[in-house]
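2 protein chains.
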Amino acid sequence: MADYKAPLRDMRFVLNEVFEAEKLWASLAGTKETVDVETAEAILEEAGKIASTLLDPINRSGDEEGCHFDDGVVTTPKGFPEAYRTFIEGGWCGLGGNPELGGMGMPKMIGAQVEEMVQSANISFGLYPMLTAGAALAINAHATDELKEKYLPNMYSGVWAGAMDLTEPHSGTDLGIIKTKAVPNDDGSYTVTGTKIFITGGDHDLSDNVIHLVLAKLPDAPAGPRGISLFLVPKILVNEDGSLADRNNVSVGSIEHKMGIKASATCVMNFDGAQGWLVGELNKGLACMFTMMNYERLAVGIQGLSASERSYQNAVEYANDRIQGRAATGPANPDKAADPIIVHPDVRRMLLTIKAYNEGGRAFSSYVARWLDIAKFSDNTEEKAHADAMVALLTPVVKAFLTDRGLESCVMGQQVFGGHGFIREWGQEQLVRDVRIAQIYEGTNGIQALDLMGRKVVANNGKFYELFAKEVTEFVEANSANAALTEFTAPLAKAIERLSDVTEHVIKASAQSPEEIGAASVDYLDLFGFTAFTYMWAKMAKVALENVEGDTEGFYATKIKTARFFVNRLLPKSLALAEAIKTGSADMMALSAEEF
Amino acid sequence: MADYKAPLRDMRFVLNEVFEAEKLWASLAGTKETVDVETAEAILEEAGKIASTLLDPINRSGDEEGCHFDDGVVTTPKGFPEAYRTFIEGGWCGLGGNPELGGMGMPKMIGAQVEEMVQSANISFGLYPMLTAGAALAINAHATDELKEKYLPNMYSGVWAGAMDLTEPHSGTDLGIIKTKAVPNDDGSYTVTGTKIFITGGDHDLSDNVIHLVLAKLPDAPAGPRGISLFLVPKILVNEDGSLADRNNVSVGSIEHKMGIKASATCVMNFDGAQGWLVGELNKGLACMFTMMNYERLAVGIQGLSASERSYQNAVEYANDRIQGRAATGPANPDKAADPIIVHPDVRRMLLTIKAYNEGGRAFSSYVARWLDIAKFSDNTEEKAHADAMVALLTPVVKAFLTDRGLESCVMGQQVFGGHGFIREWGQEQLVRDVRIAQIYEGTNGIQALDLMGRKVVANNGKFYELFAKEVTEFVEANSANAALTEFTAPLAKAIERLSDVTEHVIKASAQSPEEIGAASVDYLDLFGFTAFTYMWAKMAKVALENVEGDTEGFYATKIKTARFFVNRLLPKSLALAEAIKTGSADMMALSAEEF
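Residue numbers (full-length UniProt numbering), protein chains in the order written: chain A, 1 to 596; chain B, 1 to 596.
A couple of the hints might just be wrong.
Which copy is meant is left open, because identical chains are indistinguishable; a pair holds if it fits in one copy or across any two.
[Stated by the list, open to error] With a straight-line Cα cutoff of 30 Å, these simulated BS3-like cross-link-like pairs (lysine-lysine) come out: (1) K49 - K284; (2) K384 - K148; (3) K78 - K573; (4) K181 - K336; (5) K23 - K336; (6) K179 - K336; (7) K32 - K336; (8) K494 - K573; (9) K78 - K582.
Just so you know, these hints were derived from the structure itself, not from any lab.
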């Protein structure tokens, strides 16, 4: 397997050239004093080093060894605790955290790229700080000052970790039916009892404490999702002075044996009358989770990109090294027995597909991160509202589309390896096993698609969608005089028209039958993703065209070629998706349950 | 995980109703005396039992335990040797074998369905007899009578197993550069020396002997593929009287640790001056392999179908059991906390996609098997030549298209399971890991696509393709008066027109640039597959429409609904494929190797 090389050149291109981050940061109340390009680039460079030298070397060994569960105690694979100590010493757990409580306050545009590198090197490892950051985000947004001051500094430093406890054996997607109970105590705390499953980082030996955010219901809570509250439940109780007290009644029932991310501990957590504290308002627990979820879902989307980038680097190295067969146009390597397989068009098709997805995905994840940053750091109400709408619309797309492309790219990269791709030793098959979970957790991709189609598009009659369509259309119009860009803006104009047409179609159809939403949703999200990527590629091509002349490095010329491959070869998938969506729900609802 | 239930009803439908096997068998010289529907159905029923009761129960345990390699000796997981003994006692290894030497002489149309059931229950197990059958086929077709009489009876009985030794560390797809040497001995045998990798069933504890078919080169052989010969090299030498003699110089270097099919021993084989015997003519080894490969490639395609069928059965059971959320049109299950997830359109979309692929794939694999049977059992030269052409054309399609759909269906079934799909205990993730290899071995799917596009279509200027197109067009025309069938024949007519158009386009384009073949190939094979499946679905719908009235079982009504889902929802993919193919090779050849 190739050593991981952080794609810093492309990251700078996206950050500085495509999205002009410096201009953005200077314009936002919350970043203008604190963030600049030099800081950003220094952070990214350092993160690239951490990824390559600290996390990459324990990726495969972590997979082979997996986590252990012995006598109630979870231990991570060899090398993980040491790497974690170095990682937290670098302050990485607090990168996006509240600066008043020890966080670094960096925007998500930087955080997203850091996450990409960390997860490219080691998805299992990356999950521990990802969960901590997510839990800290929810605490920072919704908990009392007392809780924030007591818990956040140690979470930002990474000395304590975080976990999100939502799922129960009978309740995953449908959180309205959870059974975990919280009973109020006289001192304002609650006694939490119940079992949670699939808890990532639910326990481990990396940190001194694990701070659980647990969804539970009060005995008299309303039925369904409106009766869910959120509680902070530490594994070890914390004294007034911040020192660790007694163990809380929180224990690990077992850890799961999984297809992949084997070095990430996935726990069954038992809360047997554990002491917890309310976060946010009673019965508003789901809303509190959703603040955090936009960030988490972007981070999971980025896992897809991360694995895909890794797959690309591996497959390119193999395609250059492996000699087999001859180029169709005659030997490229006449003194050797065969040519490197990168001469073959079909191998190039696979590599270019992955490359186009990765660079499109890197731009798209930064674009979504940019909207998250505007929503968080702007002091302009209108601008914030616009950003909130874009975040709401695009979050399910970035989560599902990037992770679906992630699996596709890892499988395709494995295909480049031929038989060696199936052998553990080569490391490529681990990527396939690891990335697969990203399509499932944090809301399956089917749920993301329902969220997009139902709540984010149909429910507001396309209001959020119109913001996106307007932005794209304005981009096309603003560049109508740019003849060199037409090969990208013309397909983009068609793509957004197609998506708008389908959007209108589904909104209308679903007024007649609510089943139209679920019948369209997954294909619609895919269609949205291909359209959004086309927008990203047109934006990137614009910058590349402006800079290609005199570029001795060749970066911009390659960018233009990749853009061309995307719009010509990959965008046609949108034709099929639009056609399929329009056939509606009738065929799939025609069968009774027994006919399956 | 659901217990495996053999889809016997659908198999009978395909065999008897869609392809009227009895009529076919009665018409062929080689089957008219020996095969009838009663025998076929008895065999299929028994195979279904073997699959469910013997092979299914050791599938997951086999995956968990894997094969062992200790001190040069390979052992299979617990229960495998016992199950193998029962399996061979049933005579299953000789099902398609030469009846003069102990085989049962059954047609591949039966064998294909048996293979489907065996592999649905346990892909790892199924590989052992599959490899034996393949090796026996090559020996029967090309070896001397002496070799045939010495080896085949024990291979048909399964007392000895077979293995195919092609790949070397530096030589997989490109067999022309193999290094294994064969030096003639005075007694007519050869001394074989070299190392082979990825040898499925290269050694194990199931049988008393392993008969290797090894590709090697004589010292003075021509360079490249025209200098390859095929040798029979037994693990243990065999005396004149058929008893076992000394161990040959054949040893196992190691076994591979793989992503899946862990209970199938994948060996590094060392031949250190092993004694072997020529099979077929000198330097014609590849041609001898190809006789067998059409059968093996169909069998591997069927592995995709097998896993997909299993995925379907599991996912349907889960979708009926798991309650989560409410139907869009109101509670279906008002006295419970939630509805079974099979009420949700998106879950139905996934299940119906898998179902449509499976039933299409079952028909298509039987269709290809039918051509193999005509080629083998007919005594009419013209009919044989036609069948040979169809086999040549369709083999790469059935291998690649069914295995690609296999992965897609296993991933989709896993998605139905949500988080449980990622947990080993549930068994669904094993399917994904097991089926993945089928896209890689026996010639990667990329190689299948090149074989189809280059050798089977472009090289003969579309001659074989025309046979297929003519058959489909004739079917459409013959049914033009069937108004009820129009919803299937109209899309079929369009699909075959589209495929013919693309075929012509690529033939022309490749005359200008040979790279057009590789640029089109994978998408072309996919387009071919969707078209062939549409043909299968139209044929099945025709029979179903003829029988739907008065069918109390509901089989035919469901068949028609599934056909409708296929043509409406899945066939649109062909639009995108045709469009993508036409963009040609320029974009993918534009990058230098360094630009990747």
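We went through each hint and held it up to the structure:
Within a single copy, K49 and K284 get their C-alpha atoms no closer than 41 Å, and across copies no closer than 54 Å, so neither meets the 30 Å cut-off. For a Cα distance limit of 30 Å, the shortest separation of K384 from K148 inside one copy, 25 Å, qualifies, whereas the shortest one across copies, 80 Å, does not. In the homo-oligomer, the alpha carbons of K78 and K573 never lie at most 30 Å apart, since the shortest distance is 44 Å inside one protomer and 46 Å across protomers. Proximity of K181 and K336 under a CA criterion of 30 Å is satisfied inter-copy only: 20 Å between copies versus 70 Å inside one chain copy.
Within a single copy, K23 and K336 get their C-alpha atoms no closer than 52 Å, and across copies no closer than 55 Å, so neither meets the 30 Å cut-off. Proximity of K179 and K336 under a CA criterion of 30 Å is satisfied inter-copy only: 14 Å between copies versus 67 Å inside one chain copy. Taking CA atoms no more than 30 Å apart as the test, K32 paired with K336 passes in neither setting, with 58 Å inside one copy and 54 Å between copies. In the homo-oligomer, the alpha carbons of K494 and K573 lie at most 30 Å apart both inside one protomer (13 Å) and across protomers (19 Å), since each shortest distance falls under that limit.
For the homomeric pair K78 and K582, neither the shortest alpha-carbon distance inside one copy (52 Å) nor that between copies (51 Å) is at most 30 Å.
Comparing the model with each earlier hint shows violations of hints 1, 3, 5, 7 and 9; every other hint is respected.
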